Amino acid sequence: MPMETANMFNPASKVSKISHCSSMEQYKQMHAKSLKDPEAFWGEISKEFHFEEKVKGKFLDYNFDTTKGKIFVRWLEGAKTNICYNCLDRHVLAGKGDQVAFYW
Numbered sequence: 000m001p002m003e004t005a006n007m008f009n010p011a012s013k014v015s016k017i018s019h020c021s022s023m024e025q026y027k028q029m030h031a032k033s034l035k036d037p038e039a040f041w042g043e044i045s046k047e048f049h050f051e052e053k054v055k056g057k058f059l060d061y062n063f064d065t066t067k068g069k070i071f072v073r074w075l076e077g078a079k080t081n082i083c084y085n086c087l088d089r090h091v092l093a094g095k096g097d098q099v100a101f102y103w
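Residue 0 is where the sequence shown starts when you use numbering that gives the first Met the number 0, and the numbers rise one by one after that.
Derived from the structure by calculation, the hints contain no laboratory data. What you were told as hints is all true, and nothing was included just to trick you.
Derived lysine-lysine pairs resembling DSBU-like cross-links, with alpha carbons at most 35 angstroms apart:
#: 1; residue 1: 79; residue 2: 53
#: 2; residue 1: 35; residue 2: 53
#: 3; residue 1: 27; residue 2: 79
#: 4; residue 1: 95; residue 2: 55
#: 5; residue 1: 35; residue 2: 67
#: 6; residue 1: 32; residue 2: 13
#: 7; residue 1: 53; residue 2: 69
#: 8; residue 1: 13; residue 2: 35
#: 9; residue 1: 67; residue 2: 57
#: 10; residue 1: 95; residue 2: 79
#: 11; residue 1: 27; residue 2: 13
#: 12; residue 1: 27; residue 2: 67
#: 13; residue 1: 16; residue 2: 53
#: 14; residue 1: 13; residue 2: 95
#: 15; residue 1: 46; residue 2: 69
#: 16; residue 1: 16; residue 2: 35
#: 17; residue 1: 16; residue 2: 95
#: 18; residue 1: 32; residue 2: 79
Here the structure is a predicted model, which means the values were calculated and not measured.
Based on the provided sequences and hints, a complete structural model is requested.
So, in structure tokens, the structure goes:
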């Protein structure tokens, strides 16, 4: 077995069917897109969440080159969200309030 798959555990098929990433092939495609065009990739992902205030500046800004200045990453500049709403409230409003949100 190749080293990269030696410690890989596939999820149960019922979990794969309802996940945002249902196959290794889909994961590889998503990963490639995230590297090729991170702003577009994460822009699509961010549409799944609620924001009190939308992005006012650049969606994504970064510098990894020390010859061009300080290293930094900025996401969703100027945006404001409500974590409680995104993690819990929107799911309750969608009719899932009687379902377990997280198993520990």
